[in-house]
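A.B. asks: First to last, the sequence lines map onto chains A and B. Under numbering that gives the first Met the number 0, the first sequence has 116 at position 117, and the numbering climbs by one with no breaks. Under numbering that gives the first Met the number 0, the second sequence has 65 at position 66, and the numbering climbs by one with no breaks.
Please note: incorrect hints may appear among the correct ones.
Where chains are identical, the list cannot tell them apart; a pair therefore holds if satisfied intra-copy or between any two copies.
Unchecked claim - Okay, derived cross-link-like pairs now, DSSO-like style, lysine-lysine, Cα gap no bigger than 30 Å in a straight line: (1) Lys62 x Lys31; (2) Lys96 x Lys107; (3) Lys62 x Lys76; (4) Lys31 x Lys80; (5) Lys96 x Lys62; (6) Lys31 x Lys76; (7) Lys54 x Lys31; (8) Lys76 x Lys108.
Don't read these hints as lab results, they were simulated from the structure. Fair warning: this is a prediction, and the values are worked out from it, not measured in the lab.
Protein chains: 2
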Amino acid sequence: MKRKMKTIFRRILLGTIFVASCICQAQENSDKMLVRISEIEVYPQYLEAYLREAKEVGATSVKEESGVVCIFPMQVKRDSKLIRIVEIYASMEAYRKHINTSHFQKYKKGTLHMIKSLDLVDMNALNPEYMPQIFLKMKK
Amino acid sequence: MKRKMKTIFRRILLGTIFVASCICQAQENSDKMLVRISEIEVYPQYLEAYLREAKEVGATSVKEESGVVCIFPMQVKRDSKLIRIVEIYASMEAYRKHINTSHFQKYKKGTLHMIKSLDLVDMNALNPEYMPQIFLKMKK
């Protein structure tokens, strides 16, 4: 019984240290990060094709590039041709690397004619230390 | 040596199962989630006070409410009085609960006169299964 309590206590302690260290690192890293919402309007006739390309390039980038922290594309419910992509890069260098990858270049060239307007809106994150919580809550 | 290898292998296996289960659960949960970007313009004279309130209510909500998956406020760099808040709630019920909490009500009443315009833009997430990656990468 005593051993079980010890194990539980150790797990709680380790968990707390893990979460605390993630929060600290997120805070430290946030200064050099590039946080952006890309606001895109797609020509309606290309919407389906565009969504396919956007999903694919987002997934590949997050998976293959360590400097791509997050690419989270969304579609405005009340007007489905409006797309918003929350993008977070570890640094400007990571972003430059990203736009030179073959998967991004393929997406860029392949979707140019589908896009009516594009606005890259750079952001300051107000609470970067709370980003890790997104994950912690997603797994519940 | 053999034991060490076994431990490493066990850790890799556990890690893989953990990440895979998070991704699956995120996918399952995404259908009933409420995903939104709140677009806010603040009167310039109240900007500092508003940012303080917004940061506080976001942090408290994520910390105290299990149904608030993410509140991620950002400030538009080129026009600092424009605020964008990415909000993710586990369900409509979680959202309704959130807007009835004392901390949200305090924020709402306390900032009403600071806000020039507010647009709640509901979204469909295109790649919800990649949200957990945000966290995994933040801790690098």
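A.B. asks: If a hint holds in the structure, say so; if it does not, say that too.
C.D. replies: Verification of the supplied hints:
Both within a single protomer and between protomers do Lys62 and Lys31 lie at most 30 Å apart by alpha-carbon distance, with minima of 21 Å and 25 Å respectively. Taking the closest pair of Cα atoms, Lys96 and Lys107 come within 30 Å of each other only inside a single copy of the chain (14 Å); across copies the shortest separation is 42 Å, beyond that limit. Within a single copy, Lys62 and Lys76 get their C-alpha atoms as close as 27 Å, and across copies as close as 28 Å, so both meet the 30 Å cut-off. Taking CA atoms no more than 30 Å apart as the test, Lys31 paired with Lys80 passes between copies only; the shortest distance there is 22 Å, against 32 Å inside one copy.
Taking the shortest alpha-carbon separations for Lys96 and Lys62, only the intra-copy value of 14 Å comes in at or below 30 Å, while the best inter-copy value is 35 Å. Within a single copy, Lys31 and Lys76 get their C-alpha atoms only as close as 32 Å, which misses the 30 Å cut-off; across copies the closest is 14 Å, which meets it. Proximity of Lys54 to Lys31 under the C-alpha cut-off of 30 Å is found in both arrangements, the shortest distances being 26 Å within a copy and 20 Å between copies. For a Cα distance limit of 30 Å, the shortest separation of Lys76 from Lys108 qualifies both inside one copy, at 27 Å, and across copies, at 28 Å.
Checked against the numbered hints above, the structure violates none of them.
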